[in-house]
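Heads up: the sequence lines are chains A and B, in that order.
Here the working numbering is used: the first sequence runs in plain steps of one and ends on residue 571.
Here the working numbering is used: the second sequence runs in plain steps of one and ends on residue 101.
No wet-lab data here; the hints were simulated from the structure.
Don't take every hint at face value.
[As the list claims (entries may be wrong)] As a list, the in silico EDC-like pairs of lysine to aspartate or glutamate whose alpha-carbon atoms are at most 20 Å apart: (1) A:246 to B:75; (2) A:232 to A:280; (3) B:87 to B:99; (4) A:422 to A:333; (5) A:520 to A:415; (6) B:49 to A:339; (7) A:113 to A:82; (8) A:123 to A:109; (9) A:248 to B:72; (10) B:40 to B:67; (11) A:248 to B:95; (12) B:13 to B:35; (13) B:26 to B:42; (14) B:13 to B:75; (15) B:49 to B:6; (16) B:26 to B:50; (17) B:87 to B:67; (18) B:26 to A:339; (19) B:87 to A:68; (20) A:246 to B:42; (21) A:248 to A:224; (22) B:19 to B:47; (23) B:40 to B:75; (24) A:248 to B:67; (25) B:19 to B:42; (26) B:87 to A:280; (27) B:87 to A:345; (28) B:87 to A:97; (29) A:422 to A:314; (30) B:19 to A:339; (31) B:87 to B:47; (32) B:87 to B:23.
[Unchecked claim] Only some residues are given here: those of chain B computed to face chain A with a beta carbon under 8 Å: (33) 4; (34) 8; (35) 64; (36) 91; (37) 93.
[Claimed, not checked] Covered stretches of chain B (chain A as the covering partner; in silico rule of three or more C-beta atoms under 8 Å from a C-beta of chain A): (38) 13-19; (39) 44-50.
Where a beta carbon is used, it is the ideal one built from N, C-alpha and C, also for glycine.
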Amino acid sequence: MTAVQTPFEALTVLIAEDSAADRLLLSTIVRRQGHDVLTAANGAEAVEVFRQQRPQLVLMDAMMPVMDGFEAAQQIKALAGETLVPIIFLTSLTESEGLARCLEAGGDDFLAKPYNQVILAAKIKAMDRLRRLQATVLQQRDQIARHHNYLLNEQRVAKAVFDKVAHSGCLNAPNIRYLQSPYALFNGDLLLAAFTPAGDMHVLLGDFTGHGLPAAVGAMPLAEVFYGMTAKGYGLSETLREMNAKLKRILPVDMFCCATLLCLSFQRRSVEVWNGGMPDGYLHNIASDERTPLTARHLPLGVLSPETFDDRTEVFPMAVGDRVFLLSDGVIDTCDASEQLFGVERLHQVFAANRQPEELFEEIEQALRDFRGEARDDVSMVEVSLLDATQMSPPTLVYSDSGQSCPLDWSVSFEFRAASLKRFNPLPYLLQLLLEVHGLRAQSGALYSVLAELYSNALEHGVLGLDSNLKRDASGFARYYQERNARLDALHSGYVRVHLEVVPTGEGGCLSIRVEDSGKGFDIARVMERPAENVRLSGRGVNLVQQLGRNASWSDNGRSARVEFFWDALA
Amino acid sequence: MSVVTEVSQDGQKLTISIKGRFDFAKHQEFRESYEHLIPKPESFEVDLKDATYLDSSALGMLLLLRDHAGGENAEITLTNANADVRKILAISNFEQIFDVA
Numbered sequence: 001m002t003a004v005q006t007p008f009e010a011l012t013v014l015i016a017e018d019s020a021a022d023r024l025l026l027s028t029i030v031r032r033q034g035h036d037v038l039t040a041a042n043g044a045e046a047v048e049v050f051r052q053q054r055p056q057l058v059l060m061d062a063m064m065p066v067m068d069g070f071e072a073a074q075q076i077k078a079l080a081g082e083t084l085v086p087i088i089f090l091t092s093l094t095e096s097e098g099l100a101r102c103l104e105a106g107g108d109d110f111l112a113k114p115y116n117q118v119i120l121a122a123k124i125k126a127m128d129r130l131r132r133l134q135a136t137v138l139q140q141r142d143q144i145a146r147h148h149n150y151l152l153n154e155q156r157v158a159k160a161v162f163d164k165v166a167h168s169g170c171l172n173a174p175n176i177r178y179l180q181s182p183y184a185l186f187n188g189d190l191l192l193a194a195f196t197p198a199g200d201m202h203v204l205l206g207d208f209t210g211h212g213l214p215a216a217v218g219a220m221p222l223a224e225v226f227y228g229m230t231a232k233g234y235g236l237s238e239t240l241r242e243m244n245a246k247l248k249r250i251l252p253v254d255m256f257c258c259a260t261l262l263c264l265s266f267q268r269r270s271v272e273v274w275n276g277g278m279p280d281g282y283l284h285n286i287a288s289d290e291r292t293p294l295t296a297r298h299l300p301l302g303v304l305s306p307e308t309f310d311d312r313t314e315v316f317p318m319a320v321g322d323r324v325f326l327l328s329d330g331v332i333d334t335c336d337a338s339e340q341l342f343g344v345e346r347l348h349q350v351f352a353a354n355r356q357p358e359e360l361f362e363e364i365e366q367a368l369r370d371f372r373g374e375a376r377d378d379v380s381m382v383e384v385s386l387l388d389a390t391q392m393s394p395p396t397l398v399y400s401d402s403g404q405s406c407p408l409d410w411s412v413s414f415e416f417r418a419a420s421l422k423r424f425n426p427l428p429y430l431l432q433l434l435l436e437v438h439g440l441r442a443q444s445g446a447l448y449s450v451l452a453e454l455y456s457n458a459l460e461h462g463v464l465g466l467d468s469n470l471k472r473d474a475s476g477f478a479r480y481y482q483e484r485n486a487r488l489d490a491l492h493s494g495y496v497r498v499h500l501e502v503v504p505t506g507e508g509g510c511l512s513i514r515v516e517d518s519g520k521g522f523d524i525a526r527v528m529e530r531p532a533e534n535v536r537l538s539g540r541g542v543n544l545v546q547q548l549g550r551n552a553s554w555s556d557n558g559r560s561a562r563v564e565f566f567w568d569a570l571a
Numbered sequence: 001m002s003v004v005t006e007v008s009q010d011g012q013k014l015t016i017s018i019k020g021r022f023d024f025a026k027h028q029e030f031r032e033s034y035e036h037l038i039p040k041p042e043s044f045e046v047d048l049k050d051a052t053y054l055d056s057s058a059l060g061m062l063l064l065l066r067d068h069a070g071g072e073n074a075e076i077t078l079t080n081a082n083a084d085v086r087k088i089l090a091i092s093n094f095e096q097i098f099d100v101a
């Protein structure tokens, strides 16, 4: 690469000199040095010869008729463009202004008359070095530009694919507002949302370590697990365990994904939260204008082994209109000119000054601009609000099988014992089994909600013996779920039995579901007579089962629940 | 030098001190500070007294050290972290797998 030691290479040298005797003399000297020579008798000729034959170096007399050397030098430099064509002025000028003019006109050096062969040879050599250096720089610049364009194009294509993945969920649902920098994904930010079969909404805001494509590649497998398991009816805990295990398996040790996962239940009016390594999110209670921080209690996804991973979630009650706000660290880690961080305090000031909840995003962005001048490229914010269950309409599922092999007369019974109850969620399997019956598919949401309700009642109130009265107020609500986790951890006996029976009736059919538990049971009559307005946080389940299913009944002192679903002939 | 190492006299403990921003720019230096030590020290201390900031790639580097030092059985102490650095360690819950003193 050292230009100094390049082997001798003959150059084509243009000699522009109006004196025929000098022209001949110079031509002889330069030829003798091994170069090819072109000649011109004035500036205009020199420009023309250059245009046609592109010599690599020019020896230019300053004073010539028709067009002088200064003008010719300027034109040749313009024609040469980015390529360096060194011009050495031949001059008898001695005063400094004259010599300076040679350089101003675009000359690279000058040689005083009369010519000294040794110096001329040395100058041609030195100029050739410069010329090669410039050529190398240009070549490398073009190569870098090509690579850069190539990368940009790759990123554009990858972004198009990633956008499809990230937006195949329900980010356009009426209760979600979000804001992401256009290339946030390439800074590792990921936002996903999808409905569960019961009509709950799962939301994930994630932030992978690092930048660029390496930060974005983990997004694909994570999204796949998120969408797949949410659609099948898995809860946050199972989905989290699977995402963590997958990332742990495929990512290098120093890569991980900070993430907050939400499960918003419009039926139960609650939000379940798991935060691993993300900044505090906020649950905004509109009535009291209080914001409950949703703090990171866990390590990011992809750090711990499946055996040590902690999938415990927290559950908070919500009222219609309440909002959950999540953000990436791009917001609070935005730096100003003196490396000061925007920080949580300033975010809280924006919260405090906010009057119209709809304008919160814009106000945060404005605050970031005021603070720094421009927003970072990895700012992600999402706000999910709780609407009334009737306002939410999860999309209907599309099935691809023909229905010819649909099972119509069968029954099955399961018994789930303590070790399974601790970690295993049987609902997705049960639902999948039931949806083999085509007549039930139109009611899959209601079916799942009822199954989920009966199962969690049997587990929580039956097997674990939790009192739903705890859930009367917000603090009791949180305590209820803490207690649930603690009792589940300590569980060593008990069962939940699920009996499913499908029988054909005329053109349609009937499904009956019976769920039994090993608990103490409850006073059926008292629960049934409780007035509806007192069941804001607790007892919603019984109502739900009665509304969504048919002929709901409880027996064996509340230890056994039964409900039916009917369908008519398929169109 | 922004990453300074010191091995205890008995060779059992390596102390790595970080100066300035602990981010991707220190990746090479940080890895080299522990990778080729023979015999491998029993325990590690990362002194964050002069670390002004710590980003997610620094957390990744700590995970690499943890992996090198024996994964779940690694003995690593993070010491003298300032308030900002402590906050980052708290949000990421790295206190669960590192001994933050």
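We went through each hint and held it up to the structure:
no. : hint           : in the structure
1   : A:246 to B:75  : 26 Å, violated
2   : A:232 to A:280 : 29 Å, violated
3   : B:87 to B:99   : 15 Å, holds
4   : A:422 to A:333 : 39 Å, violated
5   : A:520 to A:415 : 17 Å, holds
6   : B:49 to A:339  : 19 Å, holds
7   : A:113 to A:82  : 30 Å, violated
8   : A:123 to A:109 : 8 Å, holds
9   : A:248 to B:72  : 14 Å, holds
10  : B:40 to B:67   : 13 Å, holds
11  : A:248 to B:95  : 19 Å, holds
12  : B:13 to B:35   : 14 Å, holds
13  : B:26 to B:42   : 23 Å, violated
14  : B:13 to B:75   : 10 Å, holds
15  : B:49 to B:6    : 15 Å, holds
16  : B:26 to B:50   : 14 Å, holds
17  : B:87 to B:67   : 23 Å, violated
18  : B:26 to A:339  : 18 Å, holds
19  : B:87 to A:68   : 72 Å, violated
20  : A:246 to B:42  : 31 Å, violated
21  : A:248 to A:224 : 15 Å, holds
22  : B:19 to B:47   : 9 Å, holds
23  : B:40 to B:75   : 12 Å, holds
24  : A:248 to B:67  : 13 Å, holds
25  : B:19 to B:42   : 24 Å, violated
26  : B:87 to A:280  : 12 Å, holds
27  : B:87 to A:345  : 13 Å, holds
28  : B:87 to A:97   : 66 Å, violated
29  : A:422 to A:314 : 17 Å, holds
30  : B:19 to A:339  : 16 Å, holds
31  : B:87 to B:47   : 16 Å, holds
32  : B:87 to B:23   : 16 Å, holds
33  : 4              : 21 Å, violated
34  : 8              : 26 Å, violated
35  : 64             : 5 Å, holds
36  : 91             : 5 Å, holds
37  : 93             : 5 Å, holds
38  : 13-19          : violated (count 0)
39  : 44-50          : violated (count 0)
In the structure shown, a violation is registered for the earlier hints numbered 1, 2, 4, 7, 13, 17, 19, 20, 25, 28, 33, 34, 38 and 39, in ascending order.
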